[in-house]
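Here the protein sequences line up with chains A and B, keeping their order.
The numbering of the first sequence is this note's numbering, which starts it at 10 and goes up by one.
The numbering of the second sequence is this note's numbering, which starts it at 10 and goes up by one.
No lab work stands behind these hints: they were computed from the structure.
Keep in mind that the hints are not guaranteed to be accurate.
Stated by the list, open to error - DSSO-like, lysine-lysine: derived pairs with alpha carbons at most 27 Å apart:
hint	chain 1	residue 1	chain 2	residue 2
1	B	K438	A	K277
2	A	K109	B	K550
3	B	K21	B	K302
4	B	K772	A	K132
5	A	K645	A	K527
6	B	K772	B	K312
7	A	K107	B	K109
8	B	K595	A	K245
9	B	K565	B	K537
10	A	K74	B	K74
11	A	K774	A	K731
12	B	K107	A	K109
13	B	K107	A	K132
14	A	K107	A	K118
15	B	K563	B	K550
16	A	K107	A	K74
17	B	K245	A	K132
18	B	K245	B	K218
19	A	K438	B	K277
20	A	K107	B	K132
Stated by the list, open to error - Covered stretches of chain A, going by a simulated chain B footprint (3 or more residues, C-beta under 8 Å):
hint	region
21	94-103
22	187-198
23	232-241
24	616-627
Stated by the list, open to error - Beyond 12 Å from chain B on every Cβ pair, some chain A residues (computed):
hint	residue
25	N78
26	E271
27	D295
28	E380
29	H391
30	F468
31	M530
32	S644
33	Q735
Cβ atoms here follow ideal geometry from the backbone N, Cα and C, with glycine treated the same way.
There are 2 protein chains.
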Amino acid sequence: MLNYSRGKGDLKNWLISEIDFSSNALGKCEATMSLGNGYMGMRSATEEPYIHETRNLFVNGTFNKAAENEVTELPNLADVTRLDIRIDGERFSLELGKTKNYIRQLNLKTAELTRSFEWTSPKGKELRFLFKRFISLDNLHVIGLKMEIESLTDSVDVSIDTGINAQMSNSGCQHFLEGERRIYNNQFIQLIQTTTESNIDVVLNTTHKMKVNGKEVNDSEMHMARRKVWQTYQFKLLPNDKLEMEKVTTVHTSRDKEIPQEGYDLQKLRDDSLQALQSHADKGYDSLFQRHKDAWQQKIWNKYNFELASDNDFDELALRFSLYHLTVMTPAHDERMGIGAKALSGEGYKGHSFWDTEIFILPFFIYSNPEVAKSLLLYRYHGLEGARRKALENGYEGAMYPWEMAWPTDGEVTPEWGDIDIVTGEQTKIWTGFIEQHITSDIAFGVYQYENVTGDKQFMDDYGYEIVFDTAKFWASRLEWNDEKHRYEINNVIGPDEYKEHIHNNAFTNYMAYFNMKLAMRYYDQLKEENPSLLQSLERKLDLDEMYSLWEKKTKRLYLPNPREEDSVIPQDDTYLQLKEIDLTKYKEQDTVRTIYRDYNPEQINEIQVTKQADTLILFYLLEQTFLAEDERISKAVKRANFHYYEPRTLHDSSLSLVTYAIVANDIGEEALAYRLFEKSCETDLGPMMHTSDEGIHAASIGGIWKTAIFGFAGVRLVNGKLTIQPRLPNHWKEIKFTIHWQGQPINLCITPTSLTVEAVNKEKVEFESYGKMYECDDFIEVVFSEEVIKNS
Amino acid sequence: MLNYSRGKGDLKNWLISEIDFSSNALGKCEATMSLGNGYMGMRSATEEPYIHETRNLFVNGTFNKAAENEVTELPNLADVTRLDIRIDGERFSLELGKTKNYIRQLNLKTAELTRSFEWTSPKGKELRFLFKRFISLDNLHVIGLKMEIESLTDSVDVSIDTGINAQMSNSGCQHFLEGERRIYNNQFIQLIQTTTESNIDVVLNTTHKMKVNGKEVNDSEMHMARRKVWQTYQFKLLPNDKLEMEKVTTVHTSRDKEIPQEGYDLQKLRDDSLQALQSHADKGYDSLFQRHKDAWQQKIWNKYNFELASDNDFDELALRFSLYHLTVMTPAHDERMGIGAKALSGEGYKGHSFWDTEIFILPFFIYSNPEVAKSLLLYRYHGLEGARRKALENGYEGAMYPWEMAWPTDGEVTPEWGDIDIVTGEQTKIWTGFIEQHITSDIAFGVYQYENVTGDKQFMDDYGYEIVFDTAKFWASRLEWNDEKHRYEINNVIGPDEYKEHIHNNAFTNYMAYFNMKLAMRYYDQLKEENPSLLQSLERKLDLDEMYSLWEKKTKRLYLPNPREEDSVIPQDDTYLQLKEIDLTKYKEQDTVRTIYRDYNPEQINEIQVTKQADTLILFYLLEQTFLAEDERISKAVKRANFHYYEPRTLHDSSLSLVTYAIVANDIGEEALAYRLFEKSCETDLGPMMHTSDEGIHAASIGGIWKTAIFGFAGVRLVNGKLTIQPRLPNHWKEIKFTIHWQGQPINLCITPTSLTVEAVNKEKVEFESYGKMYECDDFIEVVFSEEVIKNS
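Using the sequences and the accompanying hints, generate a full structural model.
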């Protein structure tokens, strides 16, 4: 179980700690304490190996498809963290001997992982161990590792095998050819890996500096085995002797942005990276770490500038945890790359990008670091090629985005087969890649949100309009005319609730398709007015002839399910409300995911009123940010009715569910419930269930922590194109301070239960609405509101 | 450390036991206690996993080349032995808690592996465990596994994950595509793997039967993950409750001999194998095991019929160990397959066949089971295609056998790169595949020995002559004329002593090439006389026009190094005797292999009078079996001189070395030394060094145990085409009884220090020489000889 209260003074709410080592729950710390810098990410497996460990190092964008019947994925690179330590000839392991004063700690502020303890070997020798590790935010290619071993009572023989081990795989799937290995000058180890299909070279270099009582001792034996190269260091430590080891590693790939498209030369990459390693190693761990720490301070903590006073300290820590991982997971350096659903912290979802990005993560960057938000949308822009191919292959027009996206040009990469079907004993067919289609409008929504919050017209001209027009073109071709009902429908889809396959007129899908086309029309109108030549060129490029009238015609007749008269519930799809109901208690109380699949197979679940995750609910929250905000079908009363209908039927069997319910609960005035859902959502990764993060952290849920705090409790939201700030803080929260970016200007906000101060950092005018009143400010303004107002809003 | 004295009564000298579990030396038991039946072989990794385990399952002949820069090898199949057992939710492991009465035991007689112990969990619960395992010799596709868990004191929750796990690799190299997985009726698990390049399907089926106190309880949860399918069984055991699990597995491949060449159908193989599994499982472990045990008794122990009375019990056990592994390693069922240098007990040498087969293993089968010997030679016959290709590619004629051979038609498969070069830090280049050429004459020698001992003319007509003619043709093209010295030479080779690369006129190579050509001439002469039409057809097929006169001319002028005048030492090669000498003590006393490479790189070792393994020495032992026996250059005096020169310079850095030195030592009357070398050679796998077998057992050394006993101590040998029996038993040995096959007839021999009885089982006449006298017998004969005679012989 993790501990969050060890940080004192300056470190308060900055430390995630493990104070009892358990080899039964390794995944928890490996994932939640994973390190990275967007370029690469590493699970925090311990230096010494354990049976159930998962040791992963991923470099973003290095996708490889191992075979025809496999799916492209981020390959697990060679490992540099494992140390085979022997004390008096016996394997060092915390499962053996006795351990005292154990602490493993991720410092969110410095992004350093440390581990320390005293250990008594099975033979009774006492030693003190300290491990430190970071992945540099200063130089994205650098990994630093440090170890200290002190013999406390006896003289001991210490031996360490350390090097580069490419005998790694993704759960048995090997993505690399055996590459060259070499040790230069008995000191600098180099190993090359090349992916089997995408032909990406990975160059790893590592080197060690060993000191005993401060004196360098670098004698070692050199070894090579298959896919492995290492050195063995041996020391005899007398009582109180201290061994220090520094291991500095660099990782480069031929896919790196700085590699020239033409004239790439592996030998040059090898030489240059080796030279870089030598220079890093000369600086040493402490100096490299200082630069890394400074980078975190400057680029992250100063920029995101976040403080929360809650009588539950965990909340501030959870928000920092969110900011930490949002930084670590995001390839801010390279617009050709997206964010994986498990970030870079595990093999789960293979590094693929889902709607999680646009709906759960992108908002943070739009409001906090628009440059990065732009990079993430450019990733989708580059993905148009694959989206167009997917549309064509499915008999549609325009851009039909892949449900799962890897390298931008790859197109659809969703696997076709999943977990076991308990009825047939076969693998279940995965339909999402074929029929979960709302991703296309989710991306259009991302563009809309980005445009409205940042005001980045250049982006729209260069990329944004094209995405919106081509996705709207897809929807126009996708709609099906129902002659009997005289309306357009969208049949045979999966909505956000993936328990329901092959359903018709999923409300979320239909409304969002409607939004997507309406948005295109809006932009079309605007461009016609403001930039007709751009419009013309886009019309030519995208073959939009007659498209506007098509959009007009089709949006008018598109079936948008109305709330039922009797209870204002919007039917999730054509049949949901008629399905049988079962007692869901057992699954609502699940301590892991997918428990319902132990009793029912997908066909059976399809026939029950049970929902995996927020589906109709998420619609409200999205649409009110748009020009459709005034649609009475998404009024607060309808919201409330649907919340109370769907929540009891929702298993929250996806980490995307709770945050949406938390926000909507807050919106409808269920503050206590909202706070409870927020806490539960933070616990997706940080909670007491020790196996929830085994496959990796939950990127969307982590984005959702920030979303719930800012969009939910702090009430900062884009509503119909305008900034609104209508806080409704949980009882526990006394004050929250943070910065958002609005129309290019940083805005410092400070919110208490009854007040709001807004500071326009650049002294440029900002308008916002709060509880029905409009405010303007080009400097600093304080708004005070009564609890009455909040309650009645 | 292994124990050999636990077998009492009927089991005396049949049990190899481990009585203290050590996770620091897992490889020892995994390899020495490995199971198999020639069709497949499995390392005996424990059911519960350990960090340094190596879990291997190989099916002979299923070679796959993973990538262009890799070498074809036997791929490590999916595992069915690992059980993830949790006791009260905690991982069961002998590294944790306390273990009492631990015994792991391989019964050589029944080829069953058992393991039993009492274990107290970290929480203090006491349980008794029993594991059993066999790989059937009755049905080559069947693996049986049984487990018992008894709770001794408390009520405990036991959970077991068991199934088929294809997340395996050869040290990180994955040879299989992800295949289909399925569980039929929540009971029968099937997993398919297909090799990536050779396109071989492997179909594994497994099923479990669970009983608590004798009552079947088969409830389980079904799971699938990548390359993995398994069931989780959970039980609550009350004190004294006994859980029994039987797991029966079948392994089939599309390369199996019984699979039709045309019209192979994976679905049929799946269906048939699944049906077979069901029928095996119905029989149950005990019944399957009984058939397996009977097969061992009938096919092996009755047939090989071996007894040794030694005052050192270990000797008999070592000989049985040898017979056990010679059975387990040999694909007696399929002539398209050979014997790997590490048998099927590890990844070492990749399942490739070396000269180890013909010189160290084949003799056992020639004298004990000629049918199998024939199968092994047919493997080489099928290899002619690759051997001819290799000759052509190297600019020679005839058949140049690959130094390492895998699938017969693959040709040369020796890897090109090896271990680290301590000077450059790069991988060392492996030259053996290019220039270790004596393998070609070694195979011709195998044919010669087979023909002389078995008298199998049909084999010679169909296959044997062709091999000998085509290999002799190779040598004729290979010789180089030295104009200055007016002689043919063989330059730039590696002899058996692989420390010496690119040397000229390696004595062993030159003499054996000479033998090979002389043998061809002999057969040519014979055929001309006895079967001219066969000769004609072979002449046509092999294009032997003028070849005879070429052989005649070249053998006459081939340089065969003479013993030096001053000390009768035959120079190992042109330069060896002039190289510098260093103190080798450190390396002679090595407790592992290749220690000299820690101080010197290959170039440096090339310049030192140091020999890896018997080189010139093995020549004597081979040539005296041939028609060259009378050559005075290989007289006993020369033998003795060379023994005393080369032994001190030999590091025995190959398991092929000691047995040869032991035999030669015995020949020259150094009985005590011979016995010591024999014991040391048995210790290659069975000795106290716990890591010598990590990569697998030493197939040649294991053949050598039998060779030393029979050819060495018992003095049974082919000499110049005749059977000679000149025993010279070690002091420790009182009596040895065994059966050899001579000219198609089994001959029972019983030897004491001063007598020999010979029984012609089929009552056909057998002639043999013993200490200078010829004997004839068609029933039974006893020969008594004085110690005087032995001493002076």
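Restraint check for B/K245 with A/K132, where alpha carbons must lie at most 27 Å apart: violated, 35 Å
For the pair we were handed, B/K21 and B/K302, check the Cα-Cα distance against 27 Å. Holds, at about 17 Å.
With the threshold set at 27 Å, check whether the alpha-carbon distance from B/K107 to A/K109 stays at or below it. holds, 21 Å
What's the verdict on A/K438 and B/K277, does the C-alpha distance respect the 27 Å limit or exceed it? Given pair A/K438, B/K277 holds - Cα atoms ~24 Å apart, limit 27 Å.
Quick check for students: does the CB of A/H391 sit more than 12 Å from each CB in chain B? Holds: least Cβ distance 29 Å, greater than 12 Å.
Restraint status (C-alpha distance of A/K109 to B/K550 at most 27 Å): violated, 78 Å
Take a quick look at A/Q735 and tell me if its Cβ sits farther than 12 Å from every Cβ on chain B, holds or violated. Label holds. Min Cβ-Cβ 46 Å, cutoff 12 Å.
Test the statement that A/E380 is away from the interface with chain B: the closest C-beta pair must be farther apart than 12 Å. holds, 37 Å
Does the no-contact call for A/F468 survive, Cβ to all of chain B over 12 Å? holds, 39 Å
Compare the distance between the alpha carbons of B/K772 and A/K132 with 27 Å, and conclude whether the hinted pair is satisfied. Not OK: B/K772 and A/K132 at ~66 Å, beyond 27 Å, violated.
Confirm or reject the coverage of the region 187-198 of chain A by chain B under the rule of 3 or more residues with a beta carbon closer than 8 Å to the chain's beta carbons. Satisfied; 8 residues make the cut.
Checking one constraint from the list: CA of A/K645 to CA of A/K527, max 27 Å. Satisfied? With Cα atoms ~23 Å apart, A/K645 and A/K527 stay inside 27 Å; holds.
The structure fails hints 2, 4, 14, 16, 17, 24 and 25 (numbered hints given earlier, in ascending order).
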